[in-house]
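J.: Residue numbers (this note's numbering), protein chains in the order written: chain A, 1 to 255; chain B, 256 to 840.
Careful, some of the hints might be misleading.
To spell it out: a stretch of chain B is covered by chain A in this simulated footprint if at least three of its residues, at any positions, have a beta carbon under 8 Å from a beta carbon of chain A; those stretches are [what the hints assert, rightly or not]:
no.	segment
1	388 to 399
2	502 to 511
3	819 to 828
Listing some non-contacts, in silico: residues in chain B with all C-beta distances to chain A over 12 Å [claimed, not checked]:
no.	residue
4	Arg276
5	Ala441
6	Glu484
7	Leu607
8	Pro642
9	Gly670
10	Pro684
No wet-lab data here; the hints were simulated from the structure. Backbone N, C-alpha and C define an ideal beta-carbon position, used for all residues, glycine too.
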Amino acid sequence: MKVSFNELQGLCRKAFGGIGFEEGDAADAADMVAWMQCHGFNGVDQLNRGLDFLLAEDPEALPRVIYQDGDLAVLDGQGQSVLRSISLATELGYAKARARGLSVVKIRRCHNRQLIMGYLARLAGRGINISAFWRNAQEPLTEQVVGFRAGHATPEMRVYSVREVPEENEPNDGITLVMANHVELLPSLGADHDLDLLAHHSESELLACRQRALQDGIEVDDAIWSRLKTLAHRLLVEASEASRSGAGSGVNDND
Amino acid sequence: MMNHEVALTPLSLRPADEVMRMERLGSLHACRLSFVRTLVRQMGRQRWQISRVRFDLNAEGHGTAVYRLQTPHGRYHGVMFAQPLEDERRSDRVIAEAWDVTFGMVEGEVDDGLLAQMAANVPLQEAGRQHPRVLVLSRANKSLRNFAHFVDALAAGEQPDPAWLTRVGYLYRTTAVYGNGKFGIADFARLIDNPDFRRPFSAQMAGVYLLRHFSIEQVEHLAACRSPETARPLATELRRYLGIGNSTGLGMAPFLINHPQLIAQWITQRETALALALRRMPEEGDRERMIALTRRAMQHLAETVTEDREQSERNAASVAALPDVLTWLASVPLEPDLWSQLVEWGARTLPLEAQELINTLLIELYPETVDALEDQMGVDENLDLEPDMPLMRLRQLIETHYGWALSHDYQSAEGAYWFWYRSAEKEEPRLGVRHAEPGAEKEMSIAIGPRVAHSHRAICDFLEEAPRAKVVDFLLERPRHKEIVRRVQSLVKAPYGDIHANLWHRDMKPMHLLRAKLAFFGASRFDPKSDRWVRITLFQGAPLVEELNAEPQDLADFDDWSFPLEPRREGGAVRPQSLSGEVST
Numbered sequence: 001m002k003v004s005f006n007e008l009q010g011l012c013r014k015a016f017g018g019i020g021f022e023e024g025d026a027a028d029a030a031d032m033v034a035w036m037q038c039h040g041f042n043g044v045d046q047l048n049r050g051l052d053f054l055l056a057e058d059p060e061a062l063p064r065v066i067y068q069d070g071d072l073a074v075l076d077g078q079g080q081s082v083l084r085s086i087s088l089a090t091e092l093g094y095a096k097a098r099a100r101g102l103s104v105v106k107i108r109r110c111h112n113r114q115l116i117m118g119y120l121a122r123l124a125g126r127g128i129n130i131s132a133f134w135r136n137a138q139e140p141l142t143e144q145v146v147g148f149r150a151g152h153a154t155p156e157m158r159v160y161s162v163r164e165v166p167e168e169n170e171p172n173d174g175i176t177l178v179m180a181n182h183v184e185l186l187p188s189l190g191a192d193h194d195l196d197l198l199a200h201h202s203e204s205e206l207l208a209c210r211q212r213a214l215q216d217g218i219e220v221d222d223a224i225w226s227r228l229k230t231l232a233h234r235l236l237v238e239a240s241e242a243s244r245s246g247a248g249s250g251v252n253d254n255d
Numbered sequence: 256m257m258n259h260e261v262a263l264t265p266l267s268l269r270p271a272d273e274v275m276r277m278e279r280l281g282s283l284h285a286c287r288l289s290f291v292r293t294l295v296r297q298m299g300r301q302r303w304q305i306s307r308v309r310f311d312l313n314a315e316g317h318g319t320a321v322y323r324l325q326t327p328h329g330r331y332h333g334v335m336f337a338q339p340l341e342d343e344r345r346s347d348r349v350i351a352e353a354w355d356v357t358f359g360m361v362e363g364e365v366d367d368g369l370l371a372q373m374a375a376n377v378p379l380q381e382a383g384r385q386h387p388r389v390l391v392l393s394r395a396n397k398s399l400r401n402f403a404h405f406v407d408a409l410a411a412g413e414q415p416d417p418a419w420l421t422r423v424g425y426l427y428r429t430t431a432v433y434g435n436g437k438f439g440i441a442d443f444a445r446l447i448d449n450p451d452f453r454r455p456f457s458a459q460m461a462g463v464y465l466l467r468h469f470s471i472e473q474v475e476h477l478a479a480c481r482s483p484e485t486a487r488p489l490a491t492e493l494r495r496y497l498g499i500g501n502s503t504g505l506g507m508a509p510f511l512i513n514h515p516q517l518i519a520q521w522i523t524q525r526e527t528a529l530a531l532a533l534r535r536m537p538e539e540g541d542r543e544r545m546i547a548l549t550r551r552a553m554q555h556l557a558e559t560v561t562e563d564r565e566q567s568e569r570n571a572a573s574v575a576a577l578p579d580v581l582t583w584l585a586s587v588p589l590e591p592d593l594w595s596q597l598v599e600w601g602a603r604t605l606p607l608e609a610q611e612l613i614n615t616l617l618i619e620l621y622p623e624t625v626d627a628l629e630d631q632m633g634v635d636e637n638l639d640l641e642p643d644m645p646l647m648r649l650r651q652l653i654e655t656h657y658g659w660a661l662s663h664d665y666q667s668a669e670g671a672y673w674f675w676y677r678s679a680e681k682e683e684p685r686l687g688v689r690h691a692e693p694g695a696e697k698e699m700s701i702a703i704g705p706r707v708a709h710s711h712r713a714i715c716d717f718l719e720e721a722p723r724a725k726v727v728d729f730l731l732e733r734p735r736h737k738e739i740v741r742r743v744q745s746l747v748k749a750p751y752g753d754i755h756a757n758l759w760h761r762d763m764k765p766m767h768l769l770r771a772k773l774a775f776f777g778a779s780r781f782d783p784k785s786d787r788w789v790r791i792t793l794f795q796g797a798p799l800v801e802e803l804n805a806e807p808q809d810l811a812d813f814d815d816w817s818f819p820l821e822p823r824r825e826g827g828a829v830r831p832q833s834l835s836g837e838v839s840t
C-alpha cells in the first residue's frame, strides 16, 4: 500500500508509544524510520526485522557511559536497538564537539545501527559536520560510512566490503561517530585500502529519492502496516457508553 | 504616517503570561491575518479563476461535481460526491461512517482513472486509501432545516429568509478537513515550494471555499429540478451571507499542544500586527474607520445566535460594552498614542472578548502595515535539544518562563481531575475523570504543566549532586525528561508556544483551546454545543466565485467582509443592511 511521509511518521510514533517508548524516544525513533524510508533505505523493513527484538528489550537497560573526557566518550548500548534512547549518545558527541571543536563517540553493543542516520540528519541540520561508520558482522564483512555536511540534513554514504578481515576478537556491533565544528567529514578512500566499494549514495541521489517519496507516496507492505497499527492500538482506550460522552458532542446532529 | 523614530524602536509585544492564558485565547476573534481572509485576498490579487467542469447531479442533488481552480502557478480541482444519507446516520463526530457530501481537492488534472479512484475512496474518508495528488480530503453534513427552507423558497420563486442564515450560517458544515498526508493524501512538505498553498491550512480553506460554491449551485439545482417554471437563483446578498459550517470537538486540542512552534508563530504574527497598529498615529479617517468597524462588529455580535448560555452572555457583554467604546472613540482627542490609550482603557473596563475585538479591529485598520505578516505564518517545526547547556541554566529558564507550570497543584483531586486520551473508536480524543473512568494509564501527555513541574523537580535533585552538570549529563541518567527539556529549550525562544494552564484541572474549559485555533482559521458565529464541542461558520460574507472570476479592481473592497450583517428582505429583493439598521438603497 501507499502511505504518506506524515502518515508513516505518525503511525510509527504511536507504535513506539505502544511498545512503551517514552514520548521523546517514540518521536525520535519514528523520525528515524520515516527518514530512512523516504531516503530509500527501507527503514520500515529494518524496523520490522527488529520489532520482536524491541518488544523483548528491557526498557530500563539504557545506554551507559563507560568512559568520557572532554573530547571522547565510549558508551555501552546494552545490546539495544538504536531506536531506543541512542539519540542521547549522539547528543553527547554534539555537546563535546561544540565545546572542543571535534569529538569522537564510540557506542558499543547496539542493533539496527543504520537507522541512526535518521537522527544524525537532525544533528547535522543543527550545524555540525558528522561522520559515522560501522561494520556488519555477516560475510562478507562490510563497512558503511556516512557523512553529513554541517547544515545539510542529507548525507553522502558509501558501503564497502572488507577484503582482509582483521584478526581480532572485537565484535562488530558498535558505531563510531566523529563530529566537528569546522571540518567536513565526508566519506573518502585512498587507493591502497583493502576495501571494495559496493555502493555509493550521493547527497543529490538521496534528495531526489526523498522528493519522489513526497510526490508519489511511500510503498509499505500491508502486513507490516497492520502490525504497526496493532502496536499503536495499545495506546487507545476501549470505548464505553461513558467514554462516548467524554467527547462532549450531542447525540443528534440533524438541524 | 509612520514616525520613523518610532518605527526603529523595537516592538513591544504583550507578555506570554497575558496572551497565553486560556480565557484570553478563548476570547480571540478572527482577524485579517486569519487564514480565510489571507486566502481570499490572495485569490483576488492573483486573479484566481474557478469554473465548473462537471455537474452530474440527479433530481435529488446526488452525484458528482468537479470544479477547476486556476491560479497563475497551477491548476487544481475540487471533486465533490453528494450521496443519500439516512437521518439516523448523520453524525458530525469522527466516528461517523457516511456523510451528505465528501470531497477532495486535487493538484493537477482529474482524468477518468483518478476520478474512479476518488469515487471509490473519497466517500469512505478515513476508511479509504486516498491518492497522493489529493491535497485536501473532507466531508460535510447538511443543515437539514436550511436546506429544506432554501429549496422550498427558491422553487417557489422566492428568496429564503435571511434570518435562517443568521441562526445557522450555512447549508453544509464540515466535520473534518484533512491535509498533510492523512490517509495517503499529499504531505504538506510537498507544498513548501508551491506559491499557492505553502501557507498553513490555505489548501484546506480553498477546499472549503469550493464546497461553499457547490452548496449554492446544488441548492439552486434542486429548486430548478423541483419547479423548473418558477425556480429562481439565490440572491447575491444571500449567497454572500452563506458560509460553510464546521463542527469541531476535542481533536483540535492535541494539535495545539503538539505544534507549539507553529502556534507560537501564529500568535507572534498577530501580536506583532497589534503592536504595529498600536504605534501608528491615527488620522481622523482612521478614527472614523475604527468607529465604523466597531459598529459593524457590534451589530454582528448582536445578531449572533447561540443556545449556549455562557457564550450568549459573553456576546451580550461585548454588545453592551461597545457603545462605551464608540463614545470613547468619538470623544477622546486625536493624540498620537490614541490606540494605546484605547487598549489601556479597554483593559480596565471591557470584558475579555471586547478587548480582543478591539485588538482585531485595530489590526484591520492598517492593511499596508500588517498584511506582509501573513507570509510568516509557517515555521520549520523542530524541538531541538541543546545538550551542552548548563543544567543550572535550564533550571533558571524553567523558573523564569514556566512559573505558571510550577504554580499549580497537580496532586489535588481538583488539580488532576481530567485525563486526556484517545478512544479505540477512530482514535477520537476524549476527556475522562481520573480515578473514576478507565484508561488513565493510556493518558495522552498533552498537559504540559505537570510534566514541566516533574522535570523541574528531577533537575533540582540532580543539581544537588552535580551542580556543574550539562543537560546531556542529566538526560543520560534520566532520559524520560528529554521531550520536556527540549520543548522548554525551544519554546523559551518562541514564548507563545505553550498554553499557560493546567489542562488536568477540573475548571479547565477545552472550548478556549478550540476557539483559539478556529479564530486563526477565520471562524465566526461561535456556537458551543458543550464545553468541548463547537459549531462555527467560515467564509460567511466572503466574496463569491462570480465576483472573483470578474477580476476585482477594488481589492480593499473585495477584502472588506469581516463581521457580516444579516441582509434585509424587502418584497422580492434582498439588500445589504446598513450600519444604522436601515435598508441601504
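J.: When the hints from earlier in the document are held up against this structure, which numbers fail?
T.: 3, 5, 8 and 10
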